[in-house]
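Peer 1: According to numbering that gives the first Met the number 0, the sequence shown is numbered sequentially starting from 0.
Rather than coming from a laboratory, the hints here were simulated on the basis of the structure. Treat the hints with caution; some may be incorrect.
With a straight-line Cα cutoff of 27 Å, these simulated BS3-like cross-link-like pairs (lysine-lysine) come out [unchecked claim]:
#: 1; residue 1: K197; residue 2: K72
#: 2; residue 1: K157; residue 2: K46
#: 3; residue 1: K72; residue 2: K46
#: 4; residue 1: K190; residue 2: K70
#: 5; residue 1: K157; residue 2: K181
#: 6; residue 1: K190; residue 2: K169
#: 7; residue 1: K72; residue 2: K169
#: 8; residue 1: K181; residue 2: K197
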Amino acid sequence: MSRVLVVEDEAHLAEGLRFNLEAEGHTVEVAGDGERAISRLLGSGVKFDAVVLDVMLPGMDGFAVAAALRKAKNYVPVLMLTARGRPEDVLAGFAAGTDDYLPKPFELPIFLARLQGLLRRSAWLAGADRAAGGTAASTTKGSAGRASDEEVFSFDGKTIDFGNLELRTKESTIQLTLMEAKLLRHLIRSKGRTVSRKSILEDVWGLREDTDTRAIDNFIVRLRRYIEEDPAEPQHLLTVRGIGYRFVA
Numbered sequence: 000m001s002r003v004l005v006v007e008d009e010a011h012l013a014e015g016l017r018f019n020l021e022a023e024g025h026t027v028e029v030a031g032d033g034e035r036a037i038s039r040l041l042g043s044g045v046k047f048d049a050v051v052l053d054v055m056l057p058g059m060d061g062f063a064v065a066a067a068l069r070k071a072k073n074y075v076p077v078l079m080l081t082a083r084g085r086p087e088d089v090l091a092g093f094a095a096g097t098d099d100y101l102p103k104p105f106e107l108p109i110f111l112a113r114l115q116g117l118l119r120r121s122a123w124l125a126g127a128d129r130a131a132g133g134t135a136a137s138t139t140k141g142s143a144g145r146a147s148d149e150e151v152f153s154f155d156g157k158t159i160d161f162g163n164l165e166l167r168t169k170e171s172t173i174q175l176t177l178m179e180a181k182l183l184r185h186l187i188r189s190k191g192r193t194v195s196r197k198s199i200l201e202d203v204w205g206l207r208e209d210t211d212t213r214a215i216d217n218f219i220v221r222l223r224r225y226i227e228e229d230p231a232e233p234q235h236l237l238t239v240r241g242i243g244y245r246f247v248a
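Construct the complete structure from the given sequences, taking the supplied hints into account.
Peer 2: This is the structure:
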């Protein structure tokens with residue numbers, strides 16, 4: 000089964016998660032603070048398949064841990080757990096690079112289902128790594144005219160591989176977070192049409208309409224750095240003032 004790191008400073012909760020995950024057949028380690036988590040994830044040579052990460056940790060908090068992992072190009076799936084369930088905190092977690100977010104208190108079956116979804120992603124990525132350089136992938140390459148449900152979409156010399164969470168250009172390959180890929184897919188599926196901030200909040204992040212939308216704008220700024228020749232004069236991710244955004248291939 001999978002190897003999971005639980006990063007939680009409340010010992011009773013950490014041990015409860017360990018017990019239930021081991022009952023599901025996973026190998027589990029526990030870290031009680033952010034510094035220990037970073038040491039295990041980046042300095043031990045041990046490969047983890049997923050991380051369960053609390054936000055409120057002594058010293059280095061969960062947001063900082065997630066950001067440090069992504070900065071180090073470690074893309075292990077991260078499920079963030081926290082009592083801070085405000086939408087702004089959810090978006091801050093996604094912006095730091097977490098893949099899913101579960102407010103405390105939570106039901107155990109919901110937790111296990113969310114984690115299993117991230118473990119499936121980890122297995123897909125491992126399979127893609129093994130297949131690299133071998134036979135062609137089974138996904139169909141997209142075009143500017145037809146790509147709404149495909150795993151690979153190409154436009155203007157760039158390719159987005161949603162299965163592997165990669166954006167490939169002539170110069171480089173950029174690893175996307177799960178939320179960056181979900182936002183791009185959402186915009187591409189509506190290519191040529193305006194997508195409202197309300198739609199992004201509800202359909203990509205599962206948040207209510209009245210959430211502060213500045214975090215969406217920050218995500219768009221980051222995606223423009225990836226895909227635009229001149230992010231200050233975007234040609235693909237266009238702002239529709241007062242409404243939202245439109246993707247143009």
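Peer 1: Hints first: check each against the structure and report whether it holds.
Peer 2: Status of each hint after checking the structure:
1. A hinted pair counts as satisfied when its Cα atoms are at most 27 Å apart, and K197 with K72 does not qualify at roughly 31 Å.
2. Straight-line distance between C-alpha atoms of K157 and K46 comes to about 30 Å, which puts the hinted pair past the 27 Å bound.
3. At roughly 14 Å between alpha-carbon atoms, K72 and K46 fall within 27 Å of each other, so this suggested pair holds.
4. Of the pairs offered as hints, the one joining K190 and K70 is violated, with about 30 Å between alpha carbons and a cut-off of 27 Å exceeded.
5. About 17 Å separates the Cα atoms of K157 and K181, which keeps this hinted pair within 27 Å; it holds.
6. At roughly 23 Å between alpha-carbon atoms, K190 and K169 fall within 27 Å of each other, so this suggested pair holds.
7. As the CA atoms of K72 and K169 are separated by approximately 20 Å, the hinted pair is consistent with the 27 Å bound.
8. Proximity of K181 to K197 is assessed by CA-CA distance (about 15 Å); at most 27 Å being required, the pair is judged to hold.
This entry does not satisfy hints 1, 2 and 4, going by the numbered hints stated previously.
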